[in-house]
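First to last, the sequence lines map onto chains A and B. To convert a position in the first sequence, counted from 1, into the working numbering, add 107. To convert a position in the second sequence, counted from 1, into the working numbering, add 597.
Keep in mind the hints are simulated off the structure, nothing from the lab. Some hints here could point you the wrong way.
Here are the computed distance ranges between Cβ atoms for each label pair [as the list claims (entries may be wrong)]:
| no. | chain 1 | residue 1 | chain 2 | residue 2 | range |
| --- | --- | --- | --- | --- | --- |
| 1 | B | Trp640 | A | Asn305 | 48 to 58 angstroms |
| 2 | A | Gly174 | B | Gly614 | 40 to 50 angstroms |
| 3 | A | Leu362 | B | Ser695 | 41 to 51 angstroms |
| 4 | A | Arg210 | B | Met851 | 13 to 23 angstroms |
| 5 | A | Leu315 | B | Ile764 | 42 to 52 angstroms |
| 6 | B | Ile764 | A | Gln214 | 55 to 65 angstroms |
| 7 | A | Asn264 | B | Ser695 | 51 to 61 angstroms |
| 8 | A | Thr158 | B | Gly772 | 31 to 41 angstroms |
| 9 | B | Ser658 | A | Ala323 | 25 to 35 angstroms |
| 10 | A | Gly303 | B | Ile848 | 14 to 24 angstroms |
| 11 | B | Ser826 | A | Asn264 | 20 to 30 angstroms |
| 12 | B | Ala647 | A | Gly253 | 27 to 37 angstroms |
| 13 | A | Ala323 | B | Phe696 | 32 to 42 angstroms |
Output of the computed footprint for chain A on chain B, the stretches with three or more beta carbons under 8 angstroms from beta carbons of chain A [stated by the list, open to error]:
| no. | region |
| --- | --- |
| 14 | 623-637 |
| 15 | 645-654 |
| 16 | 659-667 |
| 17 | 751-758 |
| 18 | 794-807 |
| 19 | 842-853 |
Backbone N, C-alpha and C fix where the C-beta goes; we use that ideal spot for every residue, glycine too.
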Amino acid sequence: MAILATADRDNGRAQGLGKRNSGFSHAVPALLLIILFFVTPVLGLLLRSVTEPELGLQNYAELIGSGTYLRIFANTFLVAGVVTALSVVIGYPVAWALAVLPRHWSQLVFAIIILSMWTNLLARTYAWMVLLQRTGVINKTLMGLGLIDTPLALVNNLVGVTIGMTYIMLPFVILPLVGVIRSIDPAILRAGALCGANRLQCFTHILLPLSLPGVAAGALMVFVMALGYYVTPALLGGTANMMLAEMIAQFVQSLVNWGMGGAAAFVLLVVTLLLYAVQLRFFGASRID
Amino acid sequence: MLLDYDKLGAWKWLLLGMTLLVCLFLLLPIVFIAALSFGSSQWLIFPPPAWTTRWYGELFSDPRWLTSALTSLQIAAVVTVLSVVIGFLAALSLNRGSFVGKELLRAVFLTPMILPVVVLAVALYAFFLQIGLAGTTLGFIIAHLLVALPFSIISIGSALDGFDKSIEDAAILCGASPWEARLRVTVPAISHGLFGAAVFSFLASWDEVVLAIFMASPTLQTLPVKIWSTLRQDLTPVIAAASTLLILFTIALMVIAALVRKGRKT
Chain A
108 MAILATADRD
118 NGRAQGLGKR
128 NSGFSHAVPA
138 LLLIILFFVT
148 PVLGLLLRSV
158 TEPELGLQNY
168 AELIGSGTYL
178 RIFANTFLVA
188 GVVTALSVVI
198 GYPVAWALAV
208 LPRHWSQLVF
218 AIIILSMWTN
228 LLARTYAWMV
238 LLQRTGVINK
248 TLMGLGLIDT
258 PLALVNNLVG
268 VTIGMTYIML
278 PFVILPLVGV
288 IRSIDPAILR
298 AGALCGANRL
308 QCFTHILLPL
318 SLPGVAAGAL
328 MVFVMALGYY
338 VTPALLGGTA
348 NMMLAEMIAQ
358 FVQSLVNWGM
368 GGAAAFVLLV
378 VTLLLYAVQL
388 RFFGASRID
Chain B
598 MLLDYDKLGA
608 WKWLLLGMTL
618 LVCLFLLLPI
628 VFIAALSFGS
638 SQWLIFPPPA
648 WTTRWYGELF
658 SDPRWLTSAL
668 TSLQIAAVVT
678 VLSVVIGFLA
688 ALSLNRGSFV
698 GKELLRAVFL
708 TPMILPVVVL
718 AVALYAFFLQ
728 IGLAGTTLGF
738 IIAHLLVALP
748 FSIISIGSAL
758 DGFDKSIEDA
768 AILCGASPWE
778 ARLRVTVPAI
788 SHGLFGAAVF
798 SFLASWDEVV
808 LAIFMASPTL
818 QTLPVKIWST
828 LRQDLTPVIA
838 AASTLLILFT
848 IALMVIAALV
858 RKGRKT
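If we strip away everything but chain A, and leave its shape as in the complex, we get (with noise of 0.2 angstroms):
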């Protein structure tokens, strides 16, 4: 390393290495891209919010004071939070027995878990529409049983989009817990043992709030990703029942209208930046990938 260090100072400049003090000129083909492809295009629709039919902020007065758009609102935060919710409830034990099985078993669940995650998104949830309509297996399997005697209405409305969408964030939640969960030492919990806790005090005194941080940043995420989703709840749900993406969408798509559009998109847009600047205040950045 001495030597490599020394003709470093004493060749490095002369061969190029001296180069890389700086570095900044490989960024710059993503840099442009990024900049003429997705800075300018967010920016512009900004613009057009404020500026379309005219100068003012009429489209998102327009968005706070009518009924119909709040109730999307609701409905779209309703929803992110049942499936956060869920999610969480569902997803710890899991990630729990993750942290904990034999080797090869985890290795099993973590192969379904990443199969599940990376099948087509229309797939699963084209599955999902034929799963729980009113004909569908899960109807019939409850009618079958006897727990119902009519078919449930379970897609074309919120609790479809639900099931679908706590489906697709379960990954979400359980892949991050399981690193969190793994880190914390064992010693802690045997500890706390020796000073006469039972399961369920060591459970809900040391081993929750020690994984809590993870918790809370896989549920922020999950929350997050659930506000702004669109091809879930647009298949899955029914036309009363919209959520904000897919307003958005249709601002754009059947109504044309770049100013409303663009008004919703700014709020979801500061929203979740919003959202992400509380996880990093909160958990530090490496909880995001």
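Given chain A, work out where chain B should sit, using these hints.
Below, chain B alone, put in the same frame as chain A:
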């Protein structure tokens, strides 16, 4: 205690039970579509009254499915190459560079990943309408590249983190030019990161739905757009057949990726 598998006591069964249920929950739709794709009933009745390959026949005899699959494949291939090359350069810069605002740049590069896709889709759609890229292959490639690039940068960046740069310096001392050293020493050494970047970029483009819905034109659509527009009309079993093929394709990619990773370790 609670983290020792053998000492979990009754909690073990609770955890195992939940895990089993979640695994079934995750696998249910996948197995279900695969079964339906071979079912004879048009109305997607389960279990199917009889088995047939009819839907695969319909899938392959409809040129629109094939065309959209080829479109997806072409776009994903171009996006993969661009994403790996641009991502490699950007990762080099973030990993090795020393300049003001490096952390900001890193954040900027990863932003397309955290932003709701629908916002990006609407913004790009408006922009492409203005500059004449809407409904073009180039438009698709740019849009997909934006979502693929963060995957590349992360994957290649973590490979670069694990690579000892002094090996590259040694090559330069032995007379290689900086680029020669990078291509002949660094690139092979981080090939697993480049491969990961390629797989993720390909899948990001291949599976992209939301951007594609906005980018598509009646004459130019990717496979997900074709599935989307068919889904909005009816729940035909042909989609089950298309979905099953997509799932097999994903499994094949995962197996290849796992084999490559295993081959690297031994």
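Hint check results:
1. Take Trp640/B and Asn305/A: their Cβ atoms lie about 54 angstroms apart, and the range 48 to 58 angstroms holds.
2. At about 45 angstroms, the beta-carbon gap between Gly174/A and Gly614/B stays in the expected band of 40 to 50 angstroms.
3. Remark: the range hint 41 to 51 angstroms for Leu362/A to Ser695/B is upheld by a beta-carbon distance near 50 angstroms.
4. In this structure the supplied range 13 to 23 angstroms holds for Arg210/A paired with Met851/B, their Cβ-Cβ distance being about 19 angstroms.
5. Between Leu315/A and Ile764/B the beta carbon distance is about 45 angstroms. The supplied range of 42 to 52 angstroms therefore holds.
6. For the hinted restraint 55 to 65 angstroms between Ile764/B and Gln214/A, the CB-CB distance of approximately 32 angstroms leaves it violated.
7. With their beta carbons about 55 angstroms apart, Asn264/A and Ser695/B fall inside the hinted range of 51 to 61 angstroms.
8. Evaluation of the 31 to 41 angstroms hint for Thr158/A and Gly772/B yields a failure: the beta carbon distance comes to about 60 angstroms.
9. For the hinted restraint 25 to 35 angstroms between Ser658/B and Ala323/A, the CB-CB distance of approximately 52 angstroms leaves it violated.
10. Between Gly303/A and Ile848/B, the C-beta spacing of about 50 angstroms breaks the proposed range 14 to 24 angstroms.
11. For Ser826/B and Asn264/A, the Cβ-Cβ distance of about 23 angstroms falls inside the hinted range of 20 to 30 angstroms, so the restraint holds.
12. Distance hint check: the CB atoms of Ala647/B and Gly253/A are about 28 angstroms apart, consistent with the given range 27 to 37 angstroms.
13. Between Ala323/A and Phe696/B the C-beta distance comes to about 34 angstroms, which sits within the given range of 32 to 42 angstroms.
14. Coverage of the region 623-637 of chain B by chain A holds [criterion: at least 3 residues with CB-CB distance below 8 angstroms; count 8].
15. Given as covered by chain A, the region 645-654 of chain B fails the check, having 0 residues with a CB less than 8 angstroms from a CB of that chain where 3 are the minimum.
16. Only residues whose beta carbon comes within less than 8 angstroms of a beta carbon in chain A count, and the region 659-667 of chain B has 0; fewer than three means the coverage is violated.
17. For a cut-off of 8 angstroms, the count of residues in the region 751-758 of chain B with a CB near a CB of chain A stands at 1, and the three-residue condition is violated.
18. Counting residues of the region 794-807 of chain B whose CB falls under 8 angstroms from any CB of chain A gives 4; the rule of at least 3 is met.
19. Taking a C-beta to C-beta cut-off of 8 angstroms, the region 842-853 of chain B contributes 6 residues in contact with chain A, enough for the three needed, and the coverage statement holds.
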